[in-house]
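Quick note, the sequences are listed as chains A and B, same order. Following the numbering used here, the numbering of the first sequence begins with 1 at its first residue and continues without gaps. Following the numbering used here, the numbering of the second sequence begins with 1 at its first residue and continues without gaps.
Hints in this document: simulated from the structure, not taken from any laboratory. Mixed in with the good hints there might be a few duds.
[Stated by the list, open to error] Cut-off 20 Å, straight-line C-alpha distance, at most; resulting in silico cross-link-like pairs (EDC-like, lysine to aspartate or glutamate):
| no. | chain 1 | residue 1 | chain 2 | residue 2 |
| --- | --- | --- | --- | --- |
| 1 | B | Lys122 | A | Asp294 |
| 2 | B | Lys122 | B | Asp224 |
| 3 | B | Lys122 | A | Asp278 |
| 4 | A | Lys160 | A | Asp27 |
[As the list claims (entries may be wrong)] To list a few chain A residues with every Cβ distance to chain B over 12 Å, as calculated:
| no. | residue |
| --- | --- |
| 5 | Arg21 |
| 6 | Leu108 |
| 7 | Ala253 |
| 8 | Val260 |
| 9 | Val309 |
| 10 | Leu312 |
We put the beta carbon where it would ideally sit given N, CA and C, even for glycine.
Below, each chain spelled out in residue letters.
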Amino acid sequence: MMPGHIVRFVVAIVAFAILARLPAGLDGAFQFDAALALIWGFGILSIVLLTGYAGQVSLCQATFAGVGAYGAGMTVASLHGGYLLGIIVGVLLAMVLGVLVGLPALRLHGITLAIVTLGIALVFDKYVFQDHLFDWFTGGSGGWQVTQANILGISVDSSKHLLAAYDVLLALFCITAVLMVNLHQSGAGRRLRAIRDSEVAASTMGVNMTRYKLLAFAMSAGIAGLGGSFYPLVAGSVSPQPFWVFTSLQLAAIGVLMGVRYVPAAALGGLFMAVVPDVLTRYGHGAFMGRVYDISYDWFQLAVGVLLVLQLILLPDGVWGDIRGHVARVRGVLPGGARKQVRTA
Amino acid sequence: MSEFAAYTIIGLSLGAIFALAALGIVLIYRVTGVLNLAHGAMGMFSTFVAWQVFYGYPHPGMPTWAVTAEAVLAGLAFAVVLGLLLELLVFRWVRNRPQIVKAVITIGILLALQSAASLIWKNNQYHLPIYLAPQDWTRTVAGVPIGFSSILVVGVTLALAFGLGALLRWTAFGRAMRAVSDNPTTAALWGVRVDTVGAVSWMLGSLVAAIAGILITPLGINFDTTSLTLLIVDSLAAALIGGLVSLPLTVLGGFLLGLLETYPTIWIQSLGFPRLIALVVILTVLIVRSPRGLPGAAR
Chain A
1 MMPGHIVRFV VAIVAFAILA RLPAGLDGAF QFDAALALIW GFGILSIVLL TGYAGQVSLC
61 QATFAGVGAY GAGMTVASLH GGYLLGIIVG VLLAMVLGVL VGLPALRLHG ITLAIVTLGI
121 ALVFDKYVFQ DHLFDWFTGG SGGWQVTQAN ILGISVDSSK HLLAAYDVLL ALFCITAVLM
181 VNLHQSGAGR RLRAIRDSEV AASTMGVNMT RYKLLAFAMS AGIAGLGGSF YPLVAGSVSP
241 QPFWVFTSLQ LAAIGVLMGV RYVPAAALGG LFMAVVPDVL TRYGHGAFMG RVYDISYDWF
301 QLAVGVLLVL QLILLPDGVW GDIRGHVARV RGVLPGGARK QVRTA
Chain B
1 MSEFAAYTII GLSLGAIFAL AALGIVLIYR VTGVLNLAHG AMGMFSTFVA WQVFYGYPHP
61 GMPTWAVTAE AVLAGLAFAV VLGLLLELLV FRWVRNRPQI VKAVITIGIL LALQSAASLI
121 WKNNQYHLPI YLAPQDWTRT VAGVPIGFSS ILVVGVTLAL AFGLGALLRW TAFGRAMRAV
181 SDNPTTAALW GVRVDTVGAV SWMLGSLVAA IAGILITPLG INFDTTSLTL LIVDSLAAAL
241 IGGLVSLPLT VLGGFLLGLL ETYPTIWIQS LGFPRLIALV VILTVLIVRS PRGLPGAAR
């Protein structure tokens, strides 16, 4: 076991060292994209944990991220707490909501859970994040503004120190990713996977369903909330739009598209979700062979939808899973059998 | 008192829309085992096709009723083609996959249809309703004015519910549909054309979604690409009251949900509050009614 731990640790350190200074040479908008990619990367990481490991479907992961964002924004802008406290409050609030969503999940699974979580995403999008009743939490229609912030003495506000915020996020992402891979190998991870494969078999084997389902939902919501709690820092303010119901659906779609069982797919998915729409809206207009074209954000969502349908028909294990299968076949580890263990969602 | 009655009319019309959309969900779920989260999006897209024909280009010399008929027929025809294409190109190839995978595929369809519609008709922009009858056609019953569109939507819902019920119960094709819904393999062994039955279910379901979408526009409810797509949650709540199987309970559930969502708006001025009621209904039904999941959920 030990060599595996060391390898993962070294990979994470090297990845951090390479990626930490990479956006420094880019313009401000791409630095924002890099930070946003990590925020959505956390969102997809939370889906890997909940769906890929524990087999629980959720269509409200952006809601958890939104609760994290509003929790952090409220702590900093309204209660004048430090940003570290804001992150802690955001993550805790998201985890509380995660446990609340996990409670009905104790009796539900599959499509019924999908319906419930879709309903929760819609309620938070149209009601909690937008109604005047919750102005104390959402800061009203203007949202919370965060202009000054520091974490343990490091200035991380978006106006001048966006790169510092990105580095903190990146470090946290690398740590969380390593912990997630370790979790997969651990006893708790085996129990979660047992629940995914068969709830009846898992509970017969003595897996405490209540504890592990709630644990999966709390951890997953906490991870999504951790990413979300950096949103006010990175964007300078919070608004309901980034965390509306379609973001939740996109997170689920991109998570499945990239490979819902694999941690690296989260990084891939986050990058895809943050960078592609921005590149499309910035460079996607002009003229080609005399015809004027204008590619907007909607083209990205259209592509996600179509790609998801194609992927589920053709590559059930997702993009990363498929790449992994090819690599393993080339190396002769899994001779032609990479698709044997295919199980999506 | 007349305020209460007026809200009852609104609630019943809204409930009829939920019931209508839910009928399509139940039909597709029962026969093909697909929980269609893109149902609202399909209805939305067909409605916009009808809207495009109604407003999109001039109709010189045509009387209003002919323009309306043309628009509605175009929307419905599009819906049938859309349902057929989805079955032929997508769902025929994933018939033996787990139910949740098929539901996730419908999320992809939802995202694609929604963004395609906002590309064509612009997002967050309200559209004029498709008037199926002159707006001043109202009947006054006991001092309460009832708009023609309300009468129409309730009537169409009841007629379609009875029609679908009769189709399933008394026709040979309905028997084939029920056979496929019970067990596709056995049905195929008995000579039922499972492919045809699946395709017809998708066409019918899509058609019903389009009817719901077109009928909702004259009710004066916000009409843009996202709001119609997100009707899926309310329709799912209605469908769950019927356990995703029963047509009569689904229709009752739709009306009940419509009333439940409308009455609080007498006191609570909030656009989002009705969504909370839908969620509470979903949770109540799922936890009280069927702790072991839904019928057919194991498929």
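Going through the hints against the structure:
no.	hint	in the structure
1	Lys122(B) to Asp294(A)	14 Å, holds
2	Lys122(B) to Asp224(B)	9 Å, holds
3	Lys122(B) to Asp278(A)	19 Å, holds
4	Lys160(A) to Asp27(A)	13 Å, holds
5	Arg21	35 Å, holds
6	Leu108	6 Å, violated
7	Ala253	6 Å, violated
8	Val260	9 Å, violated
9	Val309	4 Å, violated
10	Leu312	5 Å, violated
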